[in-house]
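Whenever a hint applies, use it, and build me the whole structure from the sequences.
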Amino acid sequence: MHYELDIGGRTRRVALTRSGDDFAVTVDGRTHQVQATRIDAQRWSLLVSAPGRSDTPGRRVSHDVTIASDSTGSLTVHVGSTPVTVAVNGRRRWGRKDDGAVAGSGPQRLAAPMPGKVVRVLVAPGETVKARQPLVVVEAMKMENELRAGRDGTVSEIHAREGVSVDAGALLIVIQ
Amino acid sequence: MRKLLIANRGEIAVRIIRACREMGISPVAVYSDCDRIAPHVRMSDEAYAIGPSAPRESYLRIDKLIDAAKQSGADAVHPGYGFLAENEDFAAAVCDAGLTFIGPTPKAIETMGSKTAARAAAIRAGVPVVPGSGTALDAHVSDAEIAKLAGTIGYPVLVKAVAGGGGKGMRIVESPADLASAVRAARSEAGTAFGDSTVYLERRLVRPRHIEVQLLGDLHGTVLPFVERECSIQRRHQKVVEESPSPVVSPALRASMTSAAAAVAKTVGYTNAGTIEFLLDEDGRFYFLEMNTRLQVEHPITEMVTALDLVQWQIRIARGETLDLDPAALLAPRGHAIECRIYAEDPDNNFLPSPGTIVALRAPNGPGVRDDSAASAGLDVPIFYDPLISKLIAWAGSRPLAIARMRRALDEYLVAGIKTTVPFFTWLLAQPEFVDGRFHTTYLDEILASRNGRPFVEPSEDIEEIAAIAAAIHTVLSVPANGHGNGGNGKAAAGRWKTDARLEGLR
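Residue numbers (the working numbering), protein chains in the order written: chain V, 163 to 338; chain B, -5 to 501.
Treat the hints loosely; a few may be bogus.
Claimed, not checked - Result set (DSS-like, lysine-lysine): computed pairs, CA atoms no more than 30 Å apart in a straight line:
| # | chain 1 | residue 1 | chain 2 | residue 2 |
| --- | --- | --- | --- | --- |
| 1 | B | Lys162 | B | Lys101 |
| 2 | B | Lys162 | V | Lys279 |
| 3 | V | Lys279 | B | Lys101 |
| 4 | B | Lys58 | V | Lys279 |
| 5 | B | Lys162 | V | Lys292 |
| 6 | V | Lys279 | B | Lys109 |
Unchecked claim - Reference listing, derived: stretches of chain V covered by chain B, where coverage requires no fewer than 3 residues with Cβ under 8 Å from a Cβ of chain B:
| # | stretch |
| --- | --- |
| 7 | 190 to 203 |
| 8 | 240 to 250 |
| 9 | 269 to 279 |
| 10 | 308 to 322 |
As the list claims (entries may be wrong) - Here are the computed distance ranges between Cβ atoms for each label pair:
| # | chain 1 | residue 1 | chain 2 | residue 2 | range |
| --- | --- | --- | --- | --- | --- |
| 11 | B | Pro241 | V | Ser231 | 42 to 50 Å |
| 12 | V | Arg271 | B | Leu319 | 26 to 34 Å |
| 13 | B | Lys162 | V | Ala293 | 45 to 53 Å |
If you're looking for bench data, these hints aren't it; they were derived computationally from the structure. Values in this document were obtained by computation on a predicted structure and should not be read as measured data. Don't be surprised by glycine CBs; every beta carbon is placed ideally from N, CA and C.
Rendered as structure tokens:
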């Protein structure tokens, strides 16, 4: 079985074969012997053998792994407690691409991530904005939260109005 | 006291339930619509619905809380922190209903809740307050008069809205030339934000620390202060890390700060648990800031270094017991404790709230670790309330050991499904200024700004490779739509059969 996995903006090619709990997993040409034991629906214990010499077996490194799907269809893989976002783009039908909200081309539609009140609109229509520039301040969960541009662009639509309450998912600003 | 209603939710409700259990008191919960299966409901003996999820329709409804207390036959009410904990009308309503309010008197809540009345109480007690204009400056006070006042207070000076909060209507003025325009701007901003354009002047302390003193007062006139808490690590004026004792407070300074705190409390006849907050400047001078007339979020670090249970003492005081504690022992900390407030926020997206369902959760434990939490796997972090999911507390014999223990505990903390501030704390506890105890109330905002949005989570190449391996194995063995077949039902068996059939093709 072959997959293409997007991790941290890089595509990795992964091939695997199985024998019981034992897998041979090749990542970008490097093959690892892995014993994978499932704990529950999300959690795995992996013992990964580092390649040893022919006369001495390699070390076996223990990893506690937890895997959850996130809202964009990607997987969040916690290795120990370190989260890594993995998009499975291979032949599997449920591996879908990012929706383009952050990277790439096409309009960026900034929506309210939670219900709240628009406190300030920091940009005007036609204004050029840079990635990570604050666009709108929304008060929610007792805090003021700055919502920022995902990438460089021009403000084409402003739906947010100061002082107005918005529902989660309400369209606030569109960047072209 | 046999039955106690907890007018709160989340971790603090759970904390109070635990104190009740240990004292043989029956805990009663209240819940809003979204909290029906929250831990505080399931851990209580009785639970009463108080309305829709929005706080103003449930946890802030005095009438519904009193009704629930009456229906349950509770004889006391604990407000926790937040919500109605510092609302004198609630305290009065509880007393009027013939119930015991676990907290100070309505009068003390009212007095210390007013910034100017609290400041006056501190002055009466002979405790220094931040030098300021003392009186409010309305629109009739001329620029020349204000300039004269500022000159006596000393620069840099803060122009603050009387009705202000959260930095609105506030200006920092470095030199006399900028004063008049700053006053105009502050008045205009305060008028828009609060409908009151009155301002006052206060000296701006340079790089102060926030140090606070926990107090307990019984009903018989005894007020006892505790070893200080260091709360200077703040993000946008919100505490995120607290520790006790402070790395910079000497025994002599502790003696003077704690006796000053007790003096302020005695001036207003304070009873039950409360906290006096001070600013400590770089020269070791301290100034009264305000009083919190409730149990603080960060009370566990005091419990860890004094081996006392503050919630149980609140209850014991309310039922008339005498504070028969050794005052010297309360000022002699045993070891060192640190608390991290773990929030459902995405540190890599400007700390935006990250509500949602917790898919998997593994809380740290082991020696010296305390996790005060109401989060559990399968439950939502509601969008309606403060997104605190856990207070993680590490105790050890010394500050360096407590930091090492906290870092170990953070490494053990796994929360999947939502983003949390755990990676942020892992980064913060590795900063040399934190490790050396060299920080002040604006340190964290400054260092965060200087990072320019660099991610807190930067997985190594090895970790990414393991993630790729795990994702591939997980994907090949996961059957969409009907779960993963570790049960014995037919569907799952069919799922496994399909998986195995598919895997046959791999060999």
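Consistency of the hints with the structure:
1. Lys162(B) <-> Lys101(B): Since the Cα atoms of Lys162(B) and Lys101(B) sit roughly 29 Å apart, the hinted pair holds (cutoff 30 Å).
2. Lys162(B) <-> Lys279(V): holds, 17 Å
3. Lys279(V) <-> Lys101(B): Judged against 30 Å, a Cα distance of about 34 Å means the pair is violated.
4. Lys58(B) <-> Lys279(V): holds, 27 Å
5. Lys162(B) <-> Lys292(V): holds, 27 Å
6. Lys279(V) <-> Lys109(B): Roughly 27 Å separates the two Cα atoms, so the pair holds.
7. 190 to 203: The restraint on the stretch 190 to 203 of chain V holds, since 7 of its residues have a Cβ under 8 Å from chain B and three suffice.
8. 240 to 250: Since three or more residues must qualify, the claim that chain B covers the stretch 240 to 250 of chain V holds, with 9 doing so at under 8 Å.
9. 269 to 279: holds (count 3)
10. 308 to 322: That given contact holds, which follows from 3 residues of the stretch 308 to 322 of chain V lying within Cβ reach (below 8 Å) of chain B.
11. Pro241(B) <-> Ser231(V): 42 to 50 Å: holds, 43 Å
12. Arg271(V) <-> Leu319(B): 26 to 34 Å: violated, 59 Å
13. Lys162(B) <-> Ala293(V): 45 to 53 Å: violated, 28 Å
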